[in-house]
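Trainee: Protein chains in written order, with the numbering used here: chain L, 420 to 673; chain F, 420 to 673; chain P, 420 to 673; chain R, 420 to 673; chain Y, 420 to 673; chain V, 420 to 673.
Since the hints were derived computationally from the structure, they do not count as laboratory data. Heads up, a few of these hints could be off.
Unchecked claim - Short derived list, chain L residues pointing at chain Y, Cβ under 10 Å: (1) Thr500; (2) Ser535; (3) Asn575.
Said to hold, decoys possible - Below, simulated DMTMM-like cross-link-like pairs (lysine to aspartate or glutamate); rule was C-alpha separation at most 25 Å, straight line: (4) R/Lys670 to P/Asp616; (5) V/Lys428 to V/Glu619; (6) L/Lys663 to P/Asp550; (7) P/Lys670 to R/Glu644; (8) R/Lys670 to P/Asp604; (9) V/Lys670 to Y/Glu433; (10) R/Lys428 to P/Asp604.
Claimed, not checked - Derived coverage of chain Y by chain R (criterion: at least 3 residues anywhere in the stretch with Cβ under 8 Å from a Cβ of chain R; other residues may be distant): (11) 436 to 449; (12) 473 to 483; (13) 520 to 527.
For every residue, glycine included, the Cβ atom is placed at its ideal position computed from N, Cα and C.
Chain by chain, the residues run as shown.
There are 6 protein chains.
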Amino acid sequence: MRPNTLRSKIAAGEPVLNAWCAMASSHAAEAIAHQGVDSVTIDLQHGAIDFAAAFQMLQGISTSPAVPLARVPWNEPAIMTKLLDAGAYGIICPMIETEAEARAFVAACRYPPMGSRSYGPNRVSFYAGTDYAGQANREILLLAQVETRRAVENVNAILSVPGLDGVYIGPGDLSLSFGVAPSMDPTDAAVVQAMADVRERARSSGLIAAVHTDGAATARRRFAEGFQFCSLPTDVRLLIDAVKAAVREAKPGV
Amino acid sequence: MRPNTLRSKIAAGEPVLNAWCAMASSHAAEAIAHQGVDSVTIDLQHGAIDFAAAFQMLQGISTSPAVPLARVPWNEPAIMTKLLDAGAYGIICPMIETEAEARAFVAACRYPPMGSRSYGPNRVSFYAGTDYAGQANREILLLAQVETRRAVENVNAILSVPGLDGVYIGPGDLSLSFGVAPSMDPTDAAVVQAMADVRERARSSGLIAAVHTDGAATARRRFAEGFQFCSLPTDVRLLIDAVKAAVREAKPGV
Amino acid sequence: MRPNTLRSKIAAGEPVLNAWCAMASSHAAEAIAHQGVDSVTIDLQHGAIDFAAAFQMLQGISTSPAVPLARVPWNEPAIMTKLLDAGAYGIICPMIETEAEARAFVAACRYPPMGSRSYGPNRVSFYAGTDYAGQANREILLLAQVETRRAVENVNAILSVPGLDGVYIGPGDLSLSFGVAPSMDPTDAAVVQAMADVRERARSSGLIAAVHTDGAATARRRFAEGFQFCSLPTDVRLLIDAVKAAVREAKPGV
Amino acid sequence: MRPNTLRSKIAAGEPVLNAWCAMASSHAAEAIAHQGVDSVTIDLQHGAIDFAAAFQMLQGISTSPAVPLARVPWNEPAIMTKLLDAGAYGIICPMIETEAEARAFVAACRYPPMGSRSYGPNRVSFYAGTDYAGQANREILLLAQVETRRAVENVNAILSVPGLDGVYIGPGDLSLSFGVAPSMDPTDAAVVQAMADVRERARSSGLIAAVHTDGAATARRRFAEGFQFCSLPTDVRLLIDAVKAAVREAKPGV
Amino acid sequence: MRPNTLRSKIAAGEPVLNAWCAMASSHAAEAIAHQGVDSVTIDLQHGAIDFAAAFQMLQGISTSPAVPLARVPWNEPAIMTKLLDAGAYGIICPMIETEAEARAFVAACRYPPMGSRSYGPNRVSFYAGTDYAGQANREILLLAQVETRRAVENVNAILSVPGLDGVYIGPGDLSLSFGVAPSMDPTDAAVVQAMADVRERARSSGLIAAVHTDGAATARRRFAEGFQFCSLPTDVRLLIDAVKAAVREAKPGV
Amino acid sequence: MRPNTLRSKIAAGEPVLNAWCAMASSHAAEAIAHQGVDSVTIDLQHGAIDFAAAFQMLQGISTSPAVPLARVPWNEPAIMTKLLDAGAYGIICPMIETEAEARAFVAACRYPPMGSRSYGPNRVSFYAGTDYAGQANREILLLAQVETRRAVENVNAILSVPGLDGVYIGPGDLSLSFGVAPSMDPTDAAVVQAMADVRERARSSGLIAAVHTDGAATARRRFAEGFQFCSLPTDVRLLIDAVKAAVREAKPGV
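Make the full structure from the sequences, and use the hints.
Mentor: Right, here's the structure in full:
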């Protein structure tokens, strides 16, 4: 089976920079995947992407060395099965607040006896190799999103679930949950503290501390803080910012 | 009929900044259209876009004040008809080298007696209004691409064709045609001179001088030179540049 | 944030006429939206429409003054999140039978602290404005479908849920639930009585009484009865009826 | 090979009522095809439809007894080949003005030795049967659009081309060509006379006289005049008219 | 209502051979449906297929005599409703392990009073006829997948659920559940015994015993064992095997 | 630039086995590409494939070592440009009958000064590398289809066109052109002789002799005859044959 390079990079202490796709475009996904990022996440929750688009995006990403990941819309096995069968090498699951939810997430993504994932690899066998079924449990990366106050309180229990590889902090929802305006780089002291706590709990458990960011500068800072996996803003956001900047520069007086 | 604001802007001496879509994504097109550009061109020649995607992109752009334009893949009436019926408010036609080609282009896009466009407005009547047919010849913008040495030699004849609104320089193909490497900001003296000549001929004919650029800085310079309409790089290029820059910034040591 | 005009219309006592899309066609949705209806609902339950089509339909509807709504296939947060992020200004949720179900529905569609909607507005910010997140809870319209005997029995409890804007009667399922053949204009006394009861409970609670109809004549009658929001038959039904009528008229002897 | 029932109906003197699809929706096409029309035409010229959508629409229409036809965007062999291979049982070609153009049209659609259609039946063999290649020249219906003054002048020459089955009058373009506003039911004397002349020439040549209409009433009148094949307005138009009428009826005071 | 021919075939003791579609291709589905299989199942669980593709595939299959079935991704009513409304004549539901799960499955697919399926037939009325609603409960085929050790233990309870038509064994997951490597033709004694037990329980209950296979030879053997319904490998698998065999034969030395 | 491995294989005397895609499925294309074929051709002429599908198929094929090729629907530059920009590494052009047609074909696919291909590589730069523009003329493979009697007569002139890499015989159309029934393995003496002549002319000109076949056995024979490049039957045909065979084997008595 093709190895999941994110695992070896993290084991080697290399920072993992993850791109984030919110547009249903395999063209954009392939373009992004070839620019030096370590992985590309297809966002089926807040991204305007469903399975059919994700399938094509997985094909586009698979032409590059970047590892294809997916964020699912909800902690439901149906879509996880489909994305894994289609070639996702990791799943980010939103709104995991309890150990039970984390267990359900892991069970849906691991073959028996580790979990209850149904057998039927499809496109993934072209990407991973025909020995996929026997080794998938070892390579697929599972990250639970910790993004509410309740999840922070339960983070130890969440991190204790066998088969989970790490936690992924969503600073926007976490901010809302703490009663402050959503931000991808929170400054509220309680939120900042919660993020640090979760990061340290994950690291001390030997698991991955991952986080969403509002751009490369924040990502760089997060890596320095000890996060091992940082996501860039969405492709839509990068595009909007680029066009806005171009308008300002090309027509300064307007 | 909804007026084509590009006409009034150019009449008023305002620079027109045009965004350029090469991805088949109505999401990207709509996002771009809302960032302050004057128009958005859907590129069906070098863009990975065909009619079905263009139709959806026209819907996305139509939610914004930006004017929807299309670059056709070739000087053929079938695709021009379809794009105009679907709501394009202007057509950029590649590789116009002779007066006859310019006449054919205009004929395909103007209703009789000015041309021979077939009658059958479709989606465009939602965008333009139900009085479209009677006024379309006055509002639709037609730009002929001048992008070969031969076209430069024939530029006066091309500019003389009634119903044509201007010329659009493609610096890449023009460079190739002059035997130098393709560039969106050519430095070869002969190419630079040809671009200046075409610009001046268009302006002195009372027509529009338009040009493709490699970014906002060049566009700003082109406006200063007298070009009235400048295109930004493609959405794919903006995305690639943004991701590349983010990788460099977030992982400087890698 | 762009205001939800349905709220002001209902506050002013104006009848809201809602079109109903069951075909996965952004062309049809845009065409319908421009004909004077107050809103257009994209039906993801019985309509042959999934998220990808709904996204494009939202773009098409957004070119018009009609308010874009969606009926979700089931009371599940994943699809509600995606549709709201994509620009739906209201959600109709089928088969709400209990207060708990109504609470879950509202929670999925309202940001904290009112609910638990996850933060990540996407396309909606082009339509609504960049101040969407802070004001969405105030503008988004939530209608719970009351369409079973059990729901009718629980209607007071359902109407008591904070954040719910009204109830939407589905006469077809309601008829089945009462043991009679499905009809969009029921004549069974018990069903008729149930519909009247639900309508009056909603009105006396200060909430919206909405209903599906089998056509304009019934809608007109429903408005007179006190319903504030009436849906027309699906686009497919309108098309079928139009073609059938044309066949009868054009070929009378056949 | 499955017989083309339009041929036998016309031979028997039965009027052929043809529906017209301008939306890229296989759902709409299938719905329409089941309402009693004799054929359904997929319009790739003014309809917002390209080959991929037409393929699916052909599948939808093939579930009904209605005969699937296509109007091509232009007199070009590439798209005709693809549509015939995909299961179109007839082609309507726009803007045929000369005998040479009619010959080119026929050549593209008939196998050698009658024409030069390239061999490669694809989906059509499921619909027509595996003996398609040997019998297609006999069953496929070819109608040349006569819709300009020049075409009217050349109608005898056009009708003389072997392998052509008839002419299809486009009243909108014909009106424009005569210098009057486009109408699907022209009242200009010269246009009316031209339509009658073309109809009679076709009938006296033993070929089919077909015409576009603005609705069932006009179609009925056209049948009485001697036209054998009449098209209804587009699906978009039927839908618009139905919604408009419903708005007027449901909200009379608005 | 068009009868479900699978019912009469099984009643007559005829073996039902079912094709299996894992690619989102209505072209493939239609091609397969015309080759003499009794039914074609669209797999939305492990197949790379979602609702939009399934809709088009249902259109393609409906041009043939083969009965259109769907395997849903999970025991959830939303997708079952949509597929039935779109024309599926039967549903195969994965991972049914208990009587309660079987009851929920049946309830989602049967109209009241037998179940709680929501009323709103859509495309299915073109295929089935306009009397669909009243007769659907009698014709639609429901098969529960028995594919875990727990399901085998509960098979009597599952088979007792009114409205269920049979059980469908998934040998791959069943193998995994018994702790052996997944196989579509298991040789492990315990798995073989479980399959025989389930088959006999179904037969003795008067219900259908169905099973997935790894090819025609195994299917033939299964029919001989008493299975009444056997599925072929996926379209992707058939294609892969055909290309592999061609490479070996055409380039033997390579 | 990524080298075109077909060139080195042919230079080394290795047979090139080419798969043929006629379904608009990137899933099928990717599956096929991973089974050991040397190249995969996307057929936009008789295949039910247009540009949008081809783009996705190119992504799927690009995950494998197989070289992506495309057969265009007609000798027109617009579609060739788009396919090359999207990553096709070779073009097969149908119905080339004269030297002039061959020159036009080559001109459309080669950058100046060799031809007049317009500059604007898009997706291809991810696959080929960013040095594509300067080296594309050397790597892209161009094959002209010789498939009529007239083309056979002109084969020397066609082979003399600089920039053309070889000829591709279409036995079906060639048969029709000689007045015999279409066959992918002709037995008519004149056709057989014509095929041998074309093959020998190509080989003695140092160019590639390519041919379509009806299966691996014929391909093997063709390689032995001296053809260097043989295509397998379409994916649809392979699928049909596999299902037919399975039906015969699984239900022998039926």
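Trainee: Are any of the numbered hints broken by this structure? If so, which, sorted upward?
Mentor: Of the numbered hints, 3, 10 and 13 do not hold.
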